Amino acid sequence: MNANVPDCLIEGYEPLIDGLTLPDVDNRHVVAAAIKGQAESICPFY
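Numbering (the working numbering), first residue to last: 1179 to 1224.
It is worth saying that the hints were derived from the structure and are not from the lab. Model, not experiment: these values are computed from the prediction. For every residue, glycine included, the Cβ atom is placed at its ideal position computed from N, Cα and C. Among these hints, one or two may not hold up.
What follows is a set of in silico ranges between Cβ atoms, one per label pair, in the way DEER data are often shown [stated by the list, open to error]:
#	residue 1	residue 2	range
1	H1207	N1182	18 to 24 Å
2	E1189	C1221	19 to 25 Å
3	A1217	D1196	16 to 22 Å
4	N1182	F1223	33 to 39 Å
5	A1181	Y1224	25 to 31 Å
6	D1204	P1184	27 to 33 Å
7	A1181	D1202	29 to 35 Å
8	N1180	H1207	16 to 22 Å
9	A1212	N1182	18 to 24 Å
Can you make the complete structure from the sequences, with help from the hints?
Dropping the structure here:
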């Protein structure tokens, strides 16, 4: 992925995880990365 999509990885989001409260605690890393990357939306795939 890194070779084909430059700047696709979000780093440094880990400190945000513990400050998030979500119904499913296993999704906190996704929201933390979205915040760090200044995402406008999150599109889940179920």
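- Hints that the structure is at odds with (numbers, increasing): Hint 4 is the one this structure does not satisfy, whereas the remaining hints hold.
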